[in-house]
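These protein sequence lines map, in sequence, to chains L and Y. Just so we're aligned: 205 in my numbering is position 205 of the first sequence, and the numbers increase by one with no gaps anywhere. Just so we're aligned: 200 in my numbering is position 200 of the second sequence, and the numbers increase by one with no gaps anywhere.
These are computed hints drawn from the structure, not numbers from a lab. Heads up, a few of these hints could be off.
Heads up, the list lumps identical chains together, so a pair's fine if it works in one copy or across two of them.
[Said to hold, decoys possible] Think about it this way: if two alpha-carbon atoms lie no more than 30 angstroms apart in a straight line, the pair counts; the simulated DSS-like pairs of lysine-lysine are: (1) 100 to 186; (2) 5 to 69; (3) 140 to 169; (4) 208 to 5; (5) 33 to 205; (6) 208 to 141; (7) 169 to 141; (8) 69 to 208; (9) 208 to 110; (10) 119 to 100; (11) 186 to 69; (12) 33 to 141; (13) 169 to 110; (14) 169 to 186; (15) 208 to 108; (16) 5 to 61; (17) 33 to 5; (18) 141 to 100; (19) 69 to 33; (20) 205 to 110; (21) 141 to 205; (22) 208 to 100; (23) 169 to 208; (24) 169 to 33; (25) 140 to 110; (26) 69 to 205; (27) 140 to 100; (28) 140 to 108; (29) 205 to 100.
Residue strings, one per chain:
Protein chains: 2
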Amino acid sequence: MYRRKIPEMAITRLSIYSRILADIDDGRTISSKELAELSGHSDSQLRRDLAYFGQFGMPGKGYQVKELKRRIHGILGIDRAWNVALVGAGNLGSALARYKGFEEQGFKIKAIFDNNIRKIGRTLGNITIQDAEELGETIKKRNIEIAVITAPTEAAQEVASRLAEAGVKAILNFAPIRIFAPAEVKLVNVDLAIELENLSYFLAKARKGNDQ
Amino acid sequence: MYRRKIPEMAITRLSIYSRILADIDDGRTISSKELAELSGHSDSQLRRDLAYFGQFGMPGKGYQVKELKRRIHGILGIDRAWNVALVGAGNLGSALARYKGFEEQGFKIKAIFDNNIRKIGRTLGNITIQDAEELGETIKKRNIEIAVITAPTEAAQEVASRLAEAGVKAILNFAPIRIFAPAEVKLVNVDLAIELENLSYFLAKARKGNDQ
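Start from the sequences, fold in the hints, and give me the full structure.
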């Protein structure tokens, strides 16, 4: 059967629709136009994004909010919990370990690793920081499928390779360096400066006084 | 003159193209197909994104890398430096203050604020943490146009209002709560869990063994 390739940005937009819907009553219906406006995307974009995943809503009647939430959660895989490991207990790691948004979406931090002897054994959130040497064994034992890399730049690639070897299926890398993983591991490099560029684009545009 | 509305995702993709181009020699040319493949987007998407901003490259010859970089940097407003303030010197604030990716893209942290008396006067990177009471005056004096909110959730909205009042033109909010700013201030709410959902989508899909 022929299947269209689904762009990654469509998945990001599904996350955004899901955030908007979280503030809307389960009992009502919502039109594609209203949901699109609240999310800052176009009506046609929203309908195209949903169409990748089948039939949603009823023509002229809009979507039932409860049902739309349920299906988007299912698509995004947040209708269940995922066990997550964090590698690197520095400032960013500590911030993410306490970040409430992860747990709310079902991402449960089950292990934290560092190789700094002064950090090992201390707790972060309610997790004891473990020696990075225990990474492979712990990941298997605690059934961890997703890892977040907050290690220093120079360690990031080695950490990714060890995570892949330990059987992690997906890696989110916050180290500001492009790293690589085997094809069977889904890797996303997060670039925190991209959001700032979204702002500088608008500021530069306002200064030029036009769209170019 | 009629101007098309440019989707925010197109701006995010321009940032991604810009990251890819950074690793490519200025002296060569690159086809839209090659750049699209490296970025994980489609050729037609790339050409549509660039077309919002005019004519790029020569049909059949591709883009001159140096020229393409220069124009994308101009569009994104990263052909110049921006002064940035950081509000909230907790774990995430500390991580961002030391994040190398910001400075590299021309985002220079010029002030850090907190209201915790134990943090005020300490330095972070090479910036002295100031009392949040000094926010208005400092932002004007140091010509700060962009602010990053890493304050606790319950303080985020008040901080945003004070930043807008002080004349900040753009705000990046990392507090996991949707906040609002006056229409003349560009506000982006960053949701760190969205990237994890991109991963869980792929894991869920792999488990189901198909695209739905």
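Now for the hints, and whether the structure bears them out:
no., hint, result
1, 100 to 186, "both (24 angstroms within a copy, 25 angstroms between copies)"
2, 5 to 69, "both (23 angstroms within a copy, 28 angstroms between copies)"
3, 140 to 169, "within (12 angstroms within a copy, 48 angstroms between copies)"
4, 208 to 5, "between (37 angstroms within a copy, 16 angstroms between copies)"
5, 33 to 205, "both (27 angstroms within a copy, 28 angstroms between copies)"
6, 208 to 141, "between (57 angstroms within a copy, 24 angstroms between copies)"
7, 169 to 141, "within (15 angstroms within a copy, 49 angstroms between copies)"
8, 69 to 208, "between (41 angstroms within a copy, 19 angstroms between copies)"
9, 208 to 110, "between (49 angstroms within a copy, 24 angstroms between copies)"
10, 119 to 100, "both (22 angstroms within a copy, 23 angstroms between copies)"
11, 186 to 69, "both (25 angstroms within a copy, 28 angstroms between copies)"
12, 33 to 141, "neither (47 angstroms within a copy, 43 angstroms between copies)"
13, 169 to 110, "within (15 angstroms within a copy, 40 angstroms between copies)"
14, 169 to 186, "within (6 angstroms within a copy, 37 angstroms between copies)"
15, 208 to 108, "between (45 angstroms within a copy, 21 angstroms between copies)"
16, 5 to 61, "both (29 angstroms within a copy, 27 angstroms between copies)"
17, 33 to 5, "both (25 angstroms within a copy, 16 angstroms between copies)"
18, 141 to 100, "within (25 angstroms within a copy, 35 angstroms between copies)"
19, 69 to 33, "within (16 angstroms within a copy, 36 angstroms between copies)"
20, 205 to 110, "between (44 angstroms within a copy, 23 angstroms between copies)"
21, 141 to 205, "between (52 angstroms within a copy, 24 angstroms between copies)"
22, 208 to 100, "between (39 angstroms within a copy, 28 angstroms between copies)"
23, 169 to 208, "between (45 angstroms within a copy, 15 angstroms between copies)"
24, 169 to 33, "between (37 angstroms within a copy, 29 angstroms between copies)"
25, 140 to 110, "within (12 angstroms within a copy, 44 angstroms between copies)"
26, 69 to 205, "between (36 angstroms within a copy, 17 angstroms between copies)"
27, 140 to 100, "within (25 angstroms within a copy, 33 angstroms between copies)"
28, 140 to 108, "within (16 angstroms within a copy, 42 angstroms between copies)"
29, 205 to 100, "between (34 angstroms within a copy, 25 angstroms between copies)"
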